[in-house]
Each structure stands twice: as C-alpha cells, then as structure tokens.
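Protein chains in written order, with numbering that gives the first Met the number 0: chain A, 0 to 613; chain B, 0 to 613.
Warning: the hint list may mix true and false statements.
Copies of the same chain look alike in the list, so a pair counts if it works inside one copy or between any two.
To be verified - Using 30 Å as the maximum straight-line C-alpha spacing, the simulated BS3-like pairs for lysine-lysine come out as follows: (1) 35 <-> 216; (2) 542 <-> 378; (3) 263 <-> 216; (4) 35 <-> 602; (5) 602 <-> 147; (6) 542 <-> 196; (7) 263 <-> 570; (8) 590 <-> 35; (9) 147 <-> 35; (10) 570 <-> 216.
It should be emphasised that the hints constitute simulated quantities derived from the structure, not laboratory data.
Number of protein chains: 2
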Amino acid sequence: MTVTLSALDTCESSFTPLVVIELAQDVKEETKEWLKNRIVAKKKDGGAQLLFRPLLNKCEKETIGNQNLYLVGASNIRLLLGAEAVGLVKECTDAAMRAFTYGTRHSFKGFHVRRLLTSGIVTQVFPLHDNEALKKLEDSWYTRFALKYQPIDSIRGYFGETIALYFGFLEYFTFALIPMAVIGLPYYLFVWEDYDKYVIFASFNLIWSTVILEVWKRGCANMTYRWGTLVMKRQFEEPRPGFHGVLGINSVTGREEPLYSSYKRQLRIYLVSLPFVCLCLYFSLYVMMIYFDMEDWVLSLHKDNESVWTSLLLYVPSIVYAIVIEIMNRLYRYAAEFLTSWENHRLESAYQNHLVLKVLVFNFLNCFASLFYIAFVLKDMKLLRQSLATLLITSQILNQAVESLLPYWLQRKHCAAVKKKVQALKVDVDTTLYEQVLLEKEMGTYLGTFDDYLELFLQFGYVSLFSCVYPLAAAFAVLNNFTEVNSDALKMCRVFKRPFAEPSASIGVWQLAFETMSVISVVTNCALIGMSPQVNAVFPESKTDLVLIVVAVEHALLALKFILAFAIPDKPRHIQMKLARLEFESLEALKQQQMKLVAENLKEESQEDRREAT
Amino acid sequence: MTVTLSALDTCESSFTPLVVIELAQDVKEETKEWLKNRIVAKKKDGGAQLLFRPLLNKCEKETIGNQNLYLVGASNIRLLLGAEAVGLVKECTDAAMRAFTYGTRHSFKGFHVRRLLTSGIVTQVFPLHDNEALKKLEDSWYTRFALKYQPIDSIRGYFGETIALYFGFLEYFTFALIPMAVIGLPYYLFVWEDYDKYVIFASFNLIWSTVILEVWKRGCANMTYRWGTLVMKRQFEEPRPGFHGVLGINSVTGREEPLYSSYKRQLRIYLVSLPFVCLCLYFSLYVMMIYFDMEDWVLSLHKDNESVWTSLLLYVPSIVYAIVIEIMNRLYRYAAEFLTSWENHRLESAYQNHLVLKVLVFNFLNCFASLFYIAFVLKDMKLLRQSLATLLITSQILNQAVESLLPYWLQRKHCAAVKKKVQALKVDVDTTLYEQVLLEKEMGTYLGTFDDYLELFLQFGYVSLFSCVYPLAAAFAVLNNFTEVNSDALKMCRVFKRPFAEPSASIGVWQLAFETMSVISVVTNCALIGMSPQVNAVFPESKTDLVLIVVAVEHALLALKFILAFAIPDKPRHIQMKLARLEFESLEALKQQQMKLVAENLKEESQEDRREAT
C-alpha cells in the first residue's frame with residue numbers, strides 16, 4: 000500500500016502504471032468490462048496483453064468520489080516484448096545493426112483506444128509522467144543554467160524520437176545561426192551601408208543556408224541511426240481515428256474497414272477548402288492594407304506635431320499588426336484543422352500533409368506579405384528594416400509568453416489548488432499517485448511539434464528573406480532560440496501532459512519547407528541588392544544591364560544551390576557503410592535461405608528420378 | 000550429330016548453348032582445365048554449375064583449324080534456378096507480387112569470367128543469338144513496315160530490361176513529340192512571325208516537356224512492374240572488373256578484395272580529370288570560333304560575287320562544323336572512358352556516374368555553345384534558325400549512317416565471306432552452329448544504351464532549348480525517331496553480338512538529365528522571347544520593364560514546373576496499391592514469424608519458472 004494507492008492483486012507482481020484512461024461519467028459497466036478485456040486479453044486473441052485497474056479501489060472510491068479513472072500498466076517483460084512489434088533496428092555492441100529487441104518503451108499508441116475517444120466513451124488517454132526520470136531529465140536539461148548541449152538522448156528516452164528531433168533541430172539551427180549573427184553585428188555597430196558589403200553578407204547568407212540544411216540531414220541521419228529509427232520498417236498505416244465512411248473491404252489488406260471515395264474527397268478539397276483558403280489569403284491582404292493606412296496616418300500625425308510621444312507612436316502600428324498577425328495565424332490554424340479533418344483523409348500522413356500545406360501557405364503570406372509589399376512596391380528600405388524588426392521581435396515575445404510562460408503560471412496555480420484539495424481529504428493512504436493523476440489530467444495536451452517547427456520556419460523566413468537589409472535579424476533569432484530551448488523544455492516537462500512517444504527518422508516535410516524558403520530567399524535577396532541605390536549608382540546609364548546582371552547572378556546562385564544540395568551526400572560515409580553492411584548481411588541470409596530451399600528441391604527431384612529409373 | 004557440331008556426352012541430355020568464350024591462342028591446357036572446373040563446379044563449391052564444352056571436337060579441330068572457342072551451356076533446370084538468384088519480384092496470376100521463380104534467363108553475367116577478360120586469358124565472352132527467337136522478334140518488330148507499337152515485351156524477353164526500356168523510351172518520346180511537331184508545323188507553313196504566337200508555342204512547349212517527363216516515370220513504373228524489376232532487390236555490388244588495388248578486407252562484406260584509397264581517387268579526379276575536361280571544353284570553344292570565322296569568310300565571298308554556287312556554299316560551314324562536332328564527341332568519349340577507368344572506381348555505378356557527368360557536360364557545350372553564342376551574343380535569329388536546322392539534320396543523318404547502316408553493310412559482306420569459307424570446308428557434319436559462332440565472334444560489341452540515350456538527350460536539347468525560334472525541330476525529330484527505331488532494331492538484331500541481359504527499374508540518371516535540360520530550356524526560351532523585336536516593340540520606352548516582366552514570367556514558369564513535378568505521382572495509383580499490398584503481406588509474414596519466436600520464448604521462460612518453483 001505504499002507504492003500505489005490501489006494494489007489490485009494480479010498474477011504479475013511488477014505493475015508499472017503507464018497510461019491513464021478517463022471514461023465518460025455515463026459509461027455502463029458492460030462497456031468497462033469489454034474495454035478491460037480488450038486491454039488485458041492475450042495478443043493472439045486480439046488484445047493488448049496489458050494490465051488494467053481502476054485508480055481507486057472500492058473503499059477509497061466511497062471516500063474520495065466516484066472517479067472514472069483507470070490505469071493501464073504493463074509487466075516488465077511485456078515492455079521488453081512490445082518493442083519488437085515497432086520494428087526498430089538498433090545498433091548492437093559490435094556497431095553493426097540488427098533487428099532489435101528493446102527500444103522506446105512507450106510507443107504503444109493504442110489505435111483502438113483512440114477510436115473510442117472519437118466515439119465519446121473515453122474522455123482522454125494519456126501516459127503518466129515518471130517523476131523520478133523527469134526530475135533527472137530536468138536537471139540535466141534546463142534547470143541549471145549553463146551553456147552546454149542538450150541531453151538529446153535522455154530527451155529521446157523520455158519523450159520519444161519525434162520530440163527529441165525537434166529539440167535537436169532547434170539546437171542545431173541556433174548554433175548554425177551564430178556565424179550569421181556574428182557577421183551581421185558589425186553592420187549594425189558600424190552602420191556599414193556600402194553595397195559591396197551587403198552583397199558579401201547576402202552571398203554568405205545564401206550559401207550558408209544551403210549548407211546548414213544539407214549538413215542537418217547528415218546530423219539527423221547520425222542521430223536517428225544511433226536511435227535505431229533511420230531504417231525503421233514502416234508499419235502498414237491504419238486509418239486515422241477521425242476517418243469515417245461506408246464499411247467495405249480494403250483492397251490492400253483484405254480487412255473490413257470504412258471506405259470513402261477519393262472522388263468525394265477531391266470535391267471537398269477543390270470546392271470548399273481551396274476557395275476558403277483563397278478567401279483567407281485575401282482577408283490577410285486586406286488587413287495588411289489597413290495596416291499601411293494606419294502607418295500613413297501615424298506618420299502624418301508625427302509630422303504635424305513632432306514630440307517624443309508621436310515618435311514612439313510610430314512603432315504602434317507595426318506592433319498592433321504583429322499581434323493581429325499572430326491572432327490570425329492561430330484562428331486560421333483552427334479553421335485549417337477543422338477543414339482538413341472534414342476532408343476525411345484515410346491516413347494520418349495524408350491529413351498532416353494537407354494541413355501543413357494549408358497552414359504554411361497562409362502563414363507565409365500573412366507574415367511576409369507586408370514585408371514584400373514594403374520592399375518591392377513601396378521600395379522603402381528604412382520602413383522595411385523597422386517593420387521587419389518589429390514583426391520579428393513582437394512575434395518572438397508573444398510566442399514565448401503564450402506558449403510557455405502563461406500556461407506555466409496557470410499550471411502552478413492549479414497545482415497548488417489540487418494539493419490543498421488532496422490534503423483536505425485526510426485519508427491514511429499514500430496519495431502521491433492519486434494527486435499526480437488528478438494534476439496531470441487537467442494539464443493541456445501537447446498537439447505535436449507542428450507549431451514549434453512552424454515558429455522556427457517563420458523565424459528562418461525573417462532571417463533569410465531580407466537578410467541583406469537587416470543583418471541583425473540573425474542575432475535576435477539566436478537570442479530568442481537560447482531562451483526558446485528553455486521555455487520549450489519547461490513546457491514539455493511541466494505544462495503539458497506527457498505525450499505518447501512516436502518514432503521518426505527525420506523532420507520530414509519541414510526539411511522541404513526550409514529548403515523552399517532558402518530558394519525563395521535567393522530571389523528576394525538578389526532583387527533587394529539590385530534595387531539598392533548604391534548598386535544603382537554603379538550603373539547610372541543602363542538600368543537594363545543592371546537587371547540582367549542581377550538576374551544572371553541569381554541564376555548562378557540558384558544553380559550553385561542545387562549543385563551543392565546534390566553533391567553533399569545525405570548520409571555520412573560511416574553510416575552509409577554501416578547500412579550497406581546491414582543490407583549485405585540480410586541479403587546473405589536471404590540467399591542462404593534460398594540455397595537451402597533449392598538444395599531440398601534438388602534432393603527431392605533426384606529421389607524422384609531414381610524412383611522412376613528403378 | 001545433327002543438332003550440334005560436337006555433342007560431348009554429359010550426364011544432362013539437354014544442352015542449350017548460351018555463351019561463347021574465346022580464349023587467347025597461347026593459353027595453356029592447365030588454365031583451360033581450371034576455367035572448365037570453375038564453370039562446371041557445383042554452386043556450393045564456388046562454381047557456376049553450368050556446362051562447358053569446346054565448339055569443335057577433336058577430329059573436327061584437325062580438319063577445320065585449331066580454334067580456341069568454347070561453348071557454355073546450361074541444362075533447363077539450371078536456367079530455372081538461376082533466375083532466383085537475381086532476386087526478381089514478378090506478378091503472379093492473382094495480380095499480386097510474389098518472390099519469384101522464373102524470369103530473365105540470360106542474366107548470369109559471370110563476374111569472374113569478366114575478370115579473366117582484363118587479364119588477357121579470355122579474348123571475349125558473348126551470348127549466342129537464338130536464331131529462331133530472333134527471326135520471330137524481327138518479324139513483329141521492324142521487318143514488316145507498319146505503323147504499330149513495338150513488341151516491348153518480346154524485346155525484353157530477348158534482350159533484357161535495360162534495352163527494352165530504351166526502346167520503350169524511344170517510342171514514348173517519339174509519340175510525345177508529335178503534338179509539338181503538329182503545333183510547330185503551321186508556324187513554318189504560314190510563316191507566322193507574331194510574337195504572341197511564339198509565346199504560346201514556347202509556353203506549351205515548356206509545360207509539355209515537364210508533363211511528358213513526369214508521365215514517362217509512370218509509364219516506366221508500369222512496364223517494370225509488369226516485368227518484375229520495379230522493386231528489384233539489388234544485389235550487393237561487387238567491384239567492377241577493371242578495379243585494382245592492394246588486397247585487403249572489405250569492411251562491409253568482410254571478404255578479401257582489392258582496396259583503393261578514395262583519397263588517391265579524389266586526387267586523380269581533381270588534378271587530372273577535371274583539368275583535362277576543362278581543356279577539352281576550351282578546345283571545343285576554340286573550334287567554335289573557327290567556325291564563326293569560316294561563316295564570315297563565306298558570307299563575304301557570297302556578297303562579293305553572288306551566284307547559285309556561293310549561296311549553296313553558305314551552308315557548307317555549318318555542315319562541316321556539324322561533322323566536326325560529331326567527330327569531337329566521339330573522340331572525347333574515348334578519352335572520358337579512359338580517364339574514368341583510370342580513376343579506378345570500385346563500383347560499376349560510380350564509374351557510370353562519373354562517365355555520364357564528363358560526357359554530358361562536354362557534349363552539351365560542344366553541341367549547343369555555338370547556338371548560345373549566336374542567340375545571345377550575335378543576336379542573329381536568322382543565323383540561329385539556319386544553324387540549328389543544319390546541326391540537327393546533319394547530326395541525325397550522320398548518327399544513323401555511322402551507327403547502323405554502315406556496320407550493317409560491313410556485316411553483310413563479312414557474312415558472305417564466312418559462308419563461302421565454311422562451304423569450302425566440305426565436311427560431312429552439320430556446320431550451322433560452327434558458322435553461327437564464327438559469324439557472331441566477328442560482330443561488334445554493343446556497349447550499352449549510353450550512346451543511344453545521349454543521342455536522344457541532344458535531340459531533346461535541339462528541340463526544346465530554342466523551340467520558339469525553330470518550331471520545325473520537333474517535326475524533324477519525330478521523322479528521325481521513326482527511322483531510328485528501325486535502324487536501332489536492325490543494329491541490335493543483325494549488327495552487334497547479342498548483349499548480356501541486364502535488369503533495370505528505370506532509365507536512371509537519364510531521367511535527371513532530361514529534367515535538367517527542360518529546366519534550362521525554360522530559361523533560354525524566356526530569354527529568346529524577351530529579345531524578339533516584336534516583344535521589344537511593345538515596350539518601346541522602358542527595356543527594364545520588359546526584362547523584369549520576362550524574369551517574372553520565367554520564375555513563375557519554373558515554379559509551375561517544380562509544382563507539377565511534385566504534384567504528379569511517380570507511380571500510377573494501381574501500382575501504388577499493389578506495392579502497398581506486397582509490403583503489407585511481407586510485414587504480416589514478418590510479424591507472424593516474430594510472434595512465433597515470442598511465443599516460444601514465453602513458453603521456455605514459463606517452463607523455467609515452473610522448474611524453479613518446484
């Protein structure tokens with residue numbers, strides 16, 4: 000009675016509570032029994048072969064209240080075996096890769112259970128934090144402030160590969176920005192305005208952004224190879240929980256599952272989603288025009304009666320616009336999620352791709368349209384610099400506040416309230432687990448790395464798109480990211496429920512998004528340099544020659560980018576070698592298997608021949 | 000004694016002669032014996048488990064001459080089993096894909112035997128033509144002239160996938176060019192010179208070239224899926240025959256093989272090959288300048304005393320230059336092969352990649368530099384059109400003559416001579432096989448599809464790079480390709496030795512080469528349209544605006560190209576489904592295997608537990 004509040008006697012003595020399931024209040028006893036059977040049943044009977052027990056035993060329930068909270072746990076041996084089903088490949092002690100036995104332990108994201116969520120029987124399912132491991136992780140991660148690398152492997156052990164990869168990317172990206180920040184600083188300090196210096200900075204910037212993205216791929220391969228997810232055999236993808244349709248036979252698996260015609264889905268995409276996105280884009284541009292009106296109005300006010308107040312007022316429209324952009328981004332995000340979910344994609348990956356596409360296009364336009372307008376229509380470099388700085392800094396401050404600090408503060412308040420309530424119960428049993436479940440059940444749910452990557456993506460846009468106008472952007476980004484690491488870590492450890500761990504081999508579609516951004520930034524930077532008065536002064540007579548030269552340079556840079564991306568191998572040589580060895584070994588094994596078969600066939604045939612001969 | 004000239008009695012009665020090996024005249028008896036043992040020995044002893052016999056038996060040798068010709072054959076059962084080693088996956092009757100049993104039969108390109116070639120013991124190794132099958136193939140392919148599709152599946156059955164894919168691509172490409180040729184014709188017939196029409200043609204051209212390349216990928220996947228090579232498991236790549244180095248242990252396979260440091264190879268590439276290629280490029284440009292001098296000289300001659308002769312003389316420089324280009328291309332090809340072979344690449348694929356890169360860069364510059372010079376430096380559209388036409392037509396005529404017709408004529412002469420010689424022997428045995436071997440041993444060796452693809456690649460360049468100046472190019476290309484199909488077929492069937500069949504899943508690096516060419520052609524066509532006097536007339540005041548608009552259109556077209564390439568799936572839906580099903584089935588099988596293992600482990604453990612308990 001010291002370790003857990005309700006120690007149900009099971010045949011297996013080692014119960015590790017892993018996941019909490021909260022059922023709806025009106026769920027009947029039969030349903031509970033059925034659910035329990037599904038979870039406890041042996042694997043061969045279609046169950047999960049896990050342990051299942053209510054959080055409170057009967058007498059406690061009467062004292063504390065009728066809670067519909069259940070714990071799902073596993074014996075240690077089940078944990079070991081479960082990993083095999085994920086199909087991980089892990090490096091063994093002899094540095095070769097072999098099919099694997101024990102890996103990420105918390106990845107049994109029960110699909111069936113997830114379907115119950117959408118049907119309303121289960122209110123929520125979440126894994127419990129492991130307080131001891133969490134404390135250890137926090138200590139090595141962010142509580143002791145020191146300039147050191149993050150403990151990526153420990154993060155991976157606790158939160159899984161997807162989240163560890165995000166923090167790895169965040170760290171890598173921050174360090175990769177430092178050279179740009181260092182080179183950018185003197186431009187600000189010494190007010191360098193010579194165009195040749197800007198050209199040098201922009202060229203460095205463009206090559207640099209290509210190189211860092213390629214090098215990341217290699218670093219990422221290194222990490223995921225170590226974790227055993229690089230050559231992860233993908234499971235066959237089941238339909239996502241929200242997917243609905245008429246029951247039919249899936250032609251791939253031969254199993255019965257809901258089917259939904261792709262024709263109908265296309266109709267929904269092209270007749271509803273696409274027009275809606277276009278409307279949103281139009282609205283975003285409309286808001287931008289209002290911003291420019293405001294800007295004009297403030298400027299005229301400042302001109303009419305100049306004072307300290309009006310000069311401060313000059314920054315107000317940009318700040319207001321930055322806040323409005325953030326709000327619009329968040330609202331649009333909900334709409335996009337709703338629409339994509341309504342499009343009824345069968346696979347989680349298709350859903351994610353459509354969502355990412357929708358959100359990226361809108362956020363790109365929403366954040367950068369005003370900057371493009373200022374740069375290429377108004378051609379006001381001073382305003383561009385001011386606007387860029389305001390947008391960048393405001394969005395960073397807003398993000399950190401809304402994402403981590405505010406929720407953390409709310410969480411602290413809630414925590415105190417729960418503690419008080421539990422202490423007021425005055426029961427003589429150990430209430431640690433009960434308190435923990437009560438606390439974590441009210442925590443927010445971490446919705447995946449999408450928003451975090453999106454933030455970095457937009458930051459990359461601010462830094463690279465107009466880098467030759469505002470070299471200081473990289474420095475701000477670096478500063479922000481150093482605190483971002485800590486606030487994100489705080490968010491993961493203390494603000495949100497522990498997420499289910501998910502294996503992944505790379506940052507996926509975000510690699511493509513960042514690469515696309517770096518291609519666009521070549522175009523914008525070349526155009527900006529071509530427009531600068533210093534460059535124009537070199538070609539006083541023929542603007543056409545200037546444009547032609549700028550275009551030629553731009554094409555050369557783009558070609559160089561593609562050649563670089565092609566020439567730098569995606570995986571480091573030592574990993575290529577190890578993968579080749581793995582492939583060779585599996586081929587050899589296959590060959591030997593076949594040889595055996597052939598030999599057996601030959602034997603049989605020769606025996607038959609002999610029989611016929613006699 | 001009727002079927003083969005020398006019927007050695009072996010334990011297996013069905014001897015199908017497949018490959019001829021010609022040994023050097025001074026090879027000792029021991030070597031012959033060793034080679035025979037290697038070929039005849041059972042697979043498990045490291046042999047090829049094939050049959051081996053001299054072409055002539057002892058008494059015949061005395062009559063006809065001391066020929067060092069040997070036949071390698073196989074019993075039918077060996078043929079069936081050999082296919083398994085290739086690792087093909089083939090569609091079964093139930094339209095699903097399964098690990099395979101019987102496929103391309105002639106793919107045992109004996110690596111060891113190939114090494115003997117470089118050491119000079121074996122003079123040549125080649126498969127024999129199968130006259131009966133060849134006759135059938137020819138009948139359905141090219142001898143009866145009719146407008147119909149090629150029998151790609153029969154070609155694949157006789158020559159293997161790589162060659163069948165080339166003919167498939169040639170056919171597809173020809174049909175894909177027809178719309179361009181049809182749209183281009185009226186421009187020539189009605190002498191349309193309006194720029195808007197050219198813009199329409201060029202835009203169509205650019206979109207079209209993207210679409211056809213993407214659609215080809217799908218068609219190719221369709222074909223190779225049917226042939227079972229789409230998801231071919233690649234064998235571990237052995238070192239190529241020419242590779243040499245100090246003997247050591249390969250870290251991937253753990254086997255003893257020659258090692259050569261990649262550092263030395265890099266030195267050879269960057270210190271010798273690269274400068275040599277640059278020198279060749281410079282030389283090519285130098286020759287181009289001589290051509291322009293000649294052009295000037297002829298023009299001045301024509302101006303001084305105009306006559307029919309001098310007006311004909313005007314075409315002479317272009318024709319001479321076209322011939323010189325062809326000669327330079329061929330010479331450079333030998334140099335590139337020598338250099339790449341000297342770079343000592345370990346793998347055949349690395350060798351091929353370096354060779355293709357070297358040859359492509361040179362041929363591109365050699366063929367198109369003069370056109371670029373005329374278009375963008377001289378800005379003489381009339382000369383460009385004339386030059387383009389001469390280059391295209393001359394190179395096509397030269398190619399067909401040098402590649403197929405001339406060798407065919409030589410071959411015919413040789414054939415008659417051999418027949419005479421054999422008839423003069425007056426032996427009373429059947430000499431068909433002897434005659435065939437004697438004939439084919441003197442035939443040229445087909446060096447792979449490289450030159451054929453290169454020809455198509457350059458043709459694609461002529462058609463697309465300057466399409467808006469010379470819309471007729473597509474029509475010429477279509478005409479050429481209709482005859483090219485036949486002359487290439489003739490070449491494969493009658494001029495060259497039968498090549499070893501090689502499986503392949505796609506046209507490989509050529510897909511990338513064609514796509515790159517279509518990207519370059521967007522740039523050139525936009526530039527050409529921007530330079531045309533009609534477009535310039537629309538912007539009489541500001542040339543800068545014109546350039547900016549052209550650049551904007553170019554960027555939009557490039558973006559559209561990339562989006563199209565991204566949006567069109569590389570494999571048709573039904574093949575995706577089938578592959579998914581294959582993957583699902585193999586995953587299920589793997590899972591069941593693992594479940595078995597787990598169950599066994601559990602059993603053992605519980606037994607141990609019980610034992611401990613008692």
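Is it within, between, both or neither when you check residue 35 against residue 602 at 30 Å Cα-Cα?
between (53 Å within a copy, 25 Å between copies)
I want to check one pair: residue 590 and residue 35. Are their C-alpha atoms no more than 30 Å apart within a copy, between two copies, both, or neither?
between (45 Å within a copy, 25 Å between copies)
At 30 Å max between alpha carbons, let me know whether residue 570 reaches residue 216 within a copy, between copies, both or neither.
both (7 Å within a copy, 26 Å between copies)
What label fits residue 263 with residue 570 when the C-alpha limit is 30 Å: within, between, both, or neither?
between (41 Å within a copy, 22 Å between copies)
Taking 30 Å as the upper bound on the Cα-Cα distance, should residue 542 and residue 378 be classified as within, between, both, or neither?
both (16 Å within a copy, 20 Å between copies)
Check residue 263 against residue 216 for me: Cα-Cα at most 30 Å, and say if that holds within a copy, between copies, both or neither.
between (38 Å within a copy, 27 Å between copies)
At most 30 Å between C-alpha atoms: does residue 35 with residue 216 qualify within a copy, between copies, both, or neither?
Neither. Shortest intra-copy (44 Å) and inter-copy (50 Å) distances fail the 30 Å Cα cut-off.
Intra/inter-copy verdict for residue 147 and residue 35 if alpha-carbon distance must be at most 30 Å
Neither: 46 Å inside a chain and 67 Å across chains, both beyond 30 Å.
Can you tell me if residue 602 and residue 147 fall within 30 Å by alpha carbon in one copy, between copies, both or neither?
Neither: 65 Å inside a chain and 48 Å across chains, both beyond 30 Å.
If the cut is 30 Å between Cα atoms, do residue 542 and residue 196 qualify within a copy, between copies, both or neither?
both (21 Å within a copy, 29 Å between copies)
When each numbered hint is compared with the structure, violations occur for hints 1, 5 and 9.
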